[in-house]
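Chemist: Sequence order for the protein chains is A and B. Its first residue numbered 1, the first sequence is counted upward by one per residue in this note's numbering. Its first residue numbered 345, the second sequence is counted upward by one per residue in this note's numbering.
There may be inaccurate statements among the hints.
[Unchecked claim] Which residues of chain B face chain A? A few of them, derived with a C-beta cut under 10 Å, are: (1) Ile401; (2) Ser443; (3) Leu470.
[To be verified] A short list of chain B residues far from chain A (calculated; beta carbon distances all over 12 Å): (4) Leu359; (5) Ala361; (6) Trp433.
[As the list claims (entries may be wrong)] Residues from chain B that keep clear of chain A, each with C-beta distances beyond 12 Å, as calculated: (7) Leu362; (8) Phe382; (9) Ala385; (10) Ile402; (11) Gly406; (12) Val428; (13) Lys432; (14) Val446; (15) Thr480; (16) Pro485; (17) Glu487; (18) Leu492; (19) Ala495; (20) Asp507.
Hints in this document: simulated from the structure, not taken from any laboratory. Remember, predicted model here, so these are calculated numbers, not experimental data. Just so you know, even glycine gets a beta-carbon here, dropped at the ideal spot from N, CA and C.
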Amino acid sequence: MSVLLLFGSAWLWEKSIMVLVLFVITLTVAAYATYGERKIAAFLQDRIGPNRAGPYGLFQPLADGVKMFTKEDFRPNAAERWLYILAPGAFMFVALMTSAVIPWGTQLTLFGANISLQVTDLNIGILYILGFTSLGVYGIMIGGWSSNNKYSLYGAIRASSQMISYELAMGLAVIAIVMLTGTLSLKEMAEQQAGLNWNIWYQPLGFLIFITCALAECNRAPFDLAECETELIGGYHTEYSSMKLGFYLFAEYINMFIACAVIATVYFGGYNFPGIDPGSLGGLMGPIVMFSKTFFFIFVFMWIRWTLPRFRYDQLMHLGWKSLIPLAILNMLLTGGGVLLFGK
Amino acid sequence: MTLAVFLALAFVSVLFALLMVFTKNPVHSVIYLILTFFAIAGQYVLLNAQFLAVVHIIVYAGAIMVLFLFVLMLLNLNSDTEPVQSTKWKLGAAIAGGSLLVTLVGALKGGIQLSMPEVSNSQVGLVQNLGRVLFTDFVVPFEIAGILFLAAMVGAVLVGKRDLNV
């Protein structure tokens, strides 16, 4: 297929609109995840939570956004000017890029045309996600370093060494899944899990490793040592203010949303649910199921955050290198044996 | 169209590679090198080798350069601590590097000319095909590379160990 032929075609328009819609949805979900986080935290701590802006505090994310935009954009004198500005943008960009390969449903029938509910079906989808997750660390490192503040630097170093360590176990858990499904494409993975034939039944250990690593990759409690307030003030974004800080905080919620979508796709059947045809309602049923699963996992992430205390740093490294990686290798061996004995 | 994309990517990669060499600040150097890697990954995509492109990003941009950046930040290197070499050394380095370049170009030019694979086949870079080739035609070099990596890992652990009398 020549690249030239694509321009001006319906394909380009379809994909552009899809990208735009996904962008808006991602930002909305991230914005309301902050609201959800505060409400869930309040519920778990027997408080009320935000309830001033609008009914049930529903306009709180808007108010927060306006506040972020209108605050003074302070830049430290000793900061490395361009890198300091670039870092939050890079972090946000990387967070937004990952959603492109996630299959949100099968097909949407709209005005008689069939629209695929996935921006692009890369045959290496899961590797694309791992690749972009591993790039996420640059936004943190460059931001922390360019602020020229020792607490920022400590936070950045902590965050990046944590992310590098947990990426390994995450990759090994993904290898077991790839061995089982025989594909790297997220679309094919979702297709294989029709009904209740979900990968979680074959990979319970792999799922535990993956969700632990996902928590660590998102820098969320109990792994949020990068912004351990009592030791590091604010961590890598200590010197940031206004919307640059907003970008960092927002991108973390986007990361969480994508991580939950990946967990739902890889281990929990994606848009499949027993008794529900993902193609029904003109194709809308798939996304509904998929988003329900994703929101459930976002809730689980928040539940964990407000239940477990923060690890100590040596415990974190110990868990990553001496428990999760050997466990992931064991899981790989077991999966290999299983595939050899029973096939899939 | 493909040619235009190729030229753009080639220009970007050479530009960032030069910036990487000429910039004084080590952290900026690392960032330019990462951008160069991205441009090279783009070239892989043009050659229909998506798997190679993504592995290139994961390994080089995602892992190795992070460690580079890590070391630079921990040592707190910046343009002030960059050692200034005398002109004599710069001249010597330029001559040595230039000779190496000439030698390499000469060796590659006279060496075995691999016939260009059929690039128009968009399936050539898929994981299935790559895996099949690696485990049939190139299985010995592949396994030797694996053993080399294992040796390097064991060596790294040994070097990192403070107490060798275990």
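Chemist: All the hints need checking, so say for each whether the structure fits it.
Modeler: Each hint tested on the structure:
1. A cut of 10 Å between beta carbons decides the hint on Ile401 of chain B: the least distance to chain A is about 5 Å, and the hint holds.
2. Checking Ser443 of chain B against chain A: minimum C-beta separation of about 36 Å lies over 10 Å; hint violated.
3. Against a cut-off of 10 Å between C-beta atoms, the interface hint on Leu470 of chain B holds, since the closest Cβ of chain A lies about 6 Å away.
4. The beta carbon of Leu359 of chain B is kept farther than 12 Å from every beta carbon of chain A, the shortest such distance being approximately 17 Å.
5. The Cβ of Ala361 of chain B sits about 19 Å from the closest Cβ of chain A, beyond the 12 Å cut-off, so the non-interface label holds.
6. No beta-carbon of chain A is positioned within 12 Å of the beta-carbon of Trp433 of chain B; the least distance is around 29 Å.
7. No beta-carbon of chain A comes within 12 Å of the beta-carbon of Leu362 of chain B; the shortest separation is about 18 Å.
8. A cut-off of 12 Å between C-beta atoms contradicts the statement that Phe382 of chain B is not in contact with chain A; the least separation is 9 Å.
9. Annotated as non-interface, Ala385 of chain B brings its C-beta within 12 Å of a C-beta of chain A; the closest such distance is 9 Å.
10. At roughly 5 Å from the closest C-beta of chain A, the C-beta of Ile402 of chain B falls inside 12 Å, breaking its exclusion from the interface.
11. At roughly 3 Å, the least C-beta separation between Gly406 of chain B and chain A is not larger than 12 Å, which violates its mark as non-interface.
12. The non-interface label for Val428 of chain B is consistent with chain A: the shortest C-beta to C-beta separation is roughly 21 Å, beyond 12 Å.
13. Every CB of chain A lies more than 12 Å from the CB of Lys432 of chain B, the least distance being 33 Å, so the non-interface label holds.
14. At roughly 36 Å, the least C-beta separation between Val446 of chain B and chain A is larger than 12 Å, which holds for a residue marked as non-interface.
15. Non-interface call for Thr480 of chain B relative to chain A: holds, since the shortest CB-CB distance, roughly 18 Å, exceeds 12 Å.
16. The beta carbon of Pro485 of chain B is kept farther than 12 Å from every beta carbon of chain A, the shortest such distance being approximately 22 Å.
17. Look at Glu487 of chain B: its CB is around 17 Å from the nearest CB on chain A, clear of 12 Å, so calling it non-interface holds up.
18. Annotated as non-interface, Leu492 of chain B keeps its C-beta farther than 12 Å from every C-beta of chain A; the closest such distance is 19 Å.
19. Residue-level check passed: Ala495 of chain B sits 19 Å from the nearest beta carbon of chain A, beyond 12 Å.
20. Residue placement check: Asp507 of chain B keeps its beta carbon more than 12 Å from all beta carbons of chain A (closest about 18 Å).
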